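Enquirer: Sequential numbering from 73 applies to the sequence shown in my numbering.
Simulated from the structure, these hints should not be mistaken for lab results.
Everything numeric in this text was worked out from a predicted model, so none of it was measured.
Backbone N, C-alpha and C define an ideal beta-carbon position, used for all residues, glycine too.
Be a bit skeptical, because a hint or two may be false.
Cross-link-like lysine-lysine pairs, in silico, BS3-like; alpha carbons within 30 Å at most [claimed, not checked]:
#  : residue 1 : residue 2
1  : K207      : K256
2  : K147      : K106
3  : K256      : K226
4  : K125      : K241
5  : K147      : K112
6  : K226      : K207
7  : K125      : K106
8  : K213      : K226
9  : K226      : K241
10 : K226      : K272
11 : K207      : K241
12 : K241      : K213
13 : K207      : K112
14 : K213      : K256
15 : K256      : K241
16 : K147      : K241
17 : K272      : K241
18 : K207      : K106
19 : K263      : K241
20 : K125      : K151
21 : K256      : K125
22 : K207      : K151
23 : K125      : K147
24 : K263      : K207
25 : K151      : K241
26 : K263      : K226
27 : K106      : K151
28 : K112      : K151
29 : K125      : K112
30 : K256      : K272
31 : K213      : K147
Okay, the calculated beta carbon distance ranges per label pair [as the list claims (entries may be wrong)]:
#  : residue 1 : residue 2 : range
32 : R184      : E237      : 25 to 35 Å
33 : A121      : W268      : 38 to 48 Å
34 : D140      : D111      : 23 to 33 Å
35 : D140      : E181      : 13 to 23 Å
36 : E204      : E275      : 39 to 49 Å
37 : K213      : K151      : 18 to 28 Å
38 : S186      : A262      : 32 to 42 Å
39 : K263      : E117      : 45 to 55 Å
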Amino acid sequence: MNTRGAVFLYHKELASSQAINQVIESATSLVVIKLLQEDKNVSDESVVAAFRKAFSRGRQYVNNKSDDEQLEIVKFLYKLDRIPPTVNGEAFAVPAGNRDMELINCLREDSRISFGAVNDAFLSAARHGNGEVMKLLYDVKLISPSTLFRAFTKTSSYEYHFVVEEAVKYLCANGYVSHEIRAKAFIFGAKRGWTWAMSKFTESEGGNGHLMN
């Protein structure tokens with residue numbers, strides 16, 4: 073059954089619970105989702121499935137009607153209590169990899185986004201070479217030293233040199249980064265011949281050359 077037919081039957085009170093749930097899970101219209109999600113027969117699982125569908129398909133074009141509708145669906149559903157914080161966290165990592173700044177700015181205002189979700193999104197941005205998103209998400213109180221180290225070691229310098237540079241900058245500037253983590257980063261850089269990174273790490277330790285100790 074297509075969406076239009078199901079909505080018609082819904083208004084006539086002829087649609088089954090199964091049909092209503094199937095429609096909301098596959099709907100691409102905000103109007104339809106708003107209408108059906110209030111029905112007592114719609115399960116939380118179906119609302120979550122609709123949300124996952126909306127945030128999982130990366131938006132491709134600015135001012136594209138379909139993509140704009142997708143954004144509006146995400147903006148509507150993420151505020152609902154029926155969406156668990158863990159799922160909102162999943163949603164946060166996807167646009168971080170896709171450079172979807174509008175969606176990132178929308179979701180980052182949600183107080184339910186966990187510390188772990190922010191760190192996952194930061195790593196997703198690093199792995200996809202999204203330096204702009206890394207800058208947006210970076211907060212010394214939120215991004216852990218271990219996340220910074222992983223961003224440094226899991227990103228290809230050849231493809232995303234500027235992302236590696238950002239990770240090095242944060243590792244050097246972050247007062248919460250331990251000597252041990254900087255030493256690991258120094259050794260990792262040394263193995264790859266990244267003398268520029270080794271110099272930065274040495275400078276961050278006051279230039280005393282004790283990173284190998």
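Enquirer: All hints are to be evaluated individually against the structure, with a verdict given for each.
Expert: Verification of the supplied hints:
1. Distance restraint check for K207 and K256: the Cα-Cα separation of roughly 23 Å lies within the 30 Å cut-off, and the hinted pair is therefore satisfied.
2. Of the pairs offered as hints, the one joining K147 and K106 holds, with about 12 Å between alpha carbons and a cut-off of 30 Å not exceeded.
3. Simply put, K256 and K226 have alpha-carbon atoms about 13 Å apart, close enough for the 30 Å limit, and the pair holds.
4. About 36 Å separates the Cα atoms of K125 and K241, which puts this hinted pair outside 30 Å; it is violated.
5. This hinted pair checks out: K147 and K112 have alpha carbons roughly 22 Å apart, not beyond 30 Å.
6. Taking the CA atoms of K226 and K207, the gap is near 17 Å; set against the 30 Å cutoff, the hint holds.
7. As the CA atoms of K125 and K106 are separated by approximately 15 Å, the hinted pair is consistent with the 30 Å bound.
8. A distance of roughly 22 Å separates the Cα atoms of K213 and K226; the hinted pair therefore holds under the 30 Å criterion.
9. This hinted pair checks out: K226 and K241 have alpha carbons roughly 16 Å apart, not beyond 30 Å.
10. Of the pairs offered as hints, the one joining K226 and K272 holds, with about 19 Å between alpha carbons and a cut-off of 30 Å not exceeded.
11. Restraint check for K207 and K241: satisfied, since their Cα atoms lie roughly 11 Å apart, inside the 30 Å limit.
12. Of the pairs offered as hints, the one joining K241 and K213 holds, with about 16 Å between alpha carbons and a cut-off of 30 Å not exceeded.
13. Taking the CA atoms of K207 and K112, the gap is about 42 Å. The hint is violated against a cut of 30 Å.
14. Under the criterion of a C-alpha separation no larger than 30 Å, the hint pairing K213 with K256 is consistent with the structure, at around 21 Å.
15. Taking the CA atoms of K256 and K241, the gap is about 15 Å. The hint holds against a cut of 30 Å.
16. A distance of roughly 33 Å separates the Cα atoms of K147 and K241; the hinted pair therefore is violated under the 30 Å criterion.
17. Restraint check for K272 and K241: the C-alpha separation of about 8 Å stays at or below 30 Å, so the hint holds.
18. In summary, the hint linking K207 to K106 is not supported, as the alpha carbons are separated by about 34 Å, beyond the 30 Å threshold.
19. Our distance criterion of 30 Å between C-alpha atoms is met by K263 and K241, whose separation comes to about 19 Å.
20. With a CA separation close to 16 Å, the supplied pair K125 and K151 stays within the 30 Å bound.
21. Under the criterion of a C-alpha separation no larger than 30 Å, the hint pairing K256 with K125 is inconsistent with the structure, at around 40 Å.
22. For the hint pairing K207 with K151, the CA-to-CA distance comes to about 25 Å; that is within 30 Å, so the pair holds.
23. Distance hint between K125 and K147 is fulfilled; the C-alpha atoms sit about 13 Å from each other, no more than 30 Å.
24. Restraint check: the Cα-Cα separation between K263 and K207 comes to about 27 Å, which is no more than 30 Å; the hinted pair holds.
25. For the hint linking K151 to K241, the alpha-carbon distance of about 35 Å lies beyond 30 Å, and the restraint is violated.
26. For the hint pairing K263 with K226, the CA-to-CA distance comes to about 14 Å; that is within 30 Å, so the pair holds.
27. The straight-line distance between the Cα atoms of K106 and K151 is roughly 13 Å, inside the 30 Å bound, and the hint therefore holds.
28. The straight-line distance between the Cα atoms of K112 and K151 is roughly 18 Å, inside the 30 Å bound, and the hint therefore holds.
29. With a C-alpha separation of about 21 Å, the suggested pairing of K125 with K112 holds against the 30 Å cut-off.
30. Taking the CA atoms of K256 and K272, the gap is near 13 Å; set against the 30 Å cutoff, the hint holds.
31. Of the pairs offered as hints, the one joining K213 and K147 holds, with about 26 Å between alpha carbons and a cut-off of 30 Å not exceeded.
32. About 32 Å separates the C-beta atoms of R184 and E237, a value consistent with the hinted range of 25 to 35 Å.
33. In this structure the supplied range 38 to 48 Å holds for A121 paired with W268, their Cβ-Cβ distance being about 47 Å.
34. Between D140 and D111 the CB atoms are about 25 Å apart, so this pair conforms to the stated range of 23 to 33 Å.
35. Range check, D140 to E181: about 19 Å between beta-carbon atoms, so the 13 to 23 Å window is met.
36. The beta-carbon spacing between E204 and E275, approximately 25 Å, falls outside the hinted interval of 39 to 49 Å.
37. One distance hint, 18 to 28 Å for the beta-carbon pair K213 and K151, holds here, with the actual separation near 25 Å.
38. S186 and A262 have their C-beta atoms about 35 Å apart, which keeps the hinted 32 to 42 Å range intact.
39. With their beta carbons about 47 Å apart, K263 and E117 fall inside the hinted range of 45 to 55 Å.
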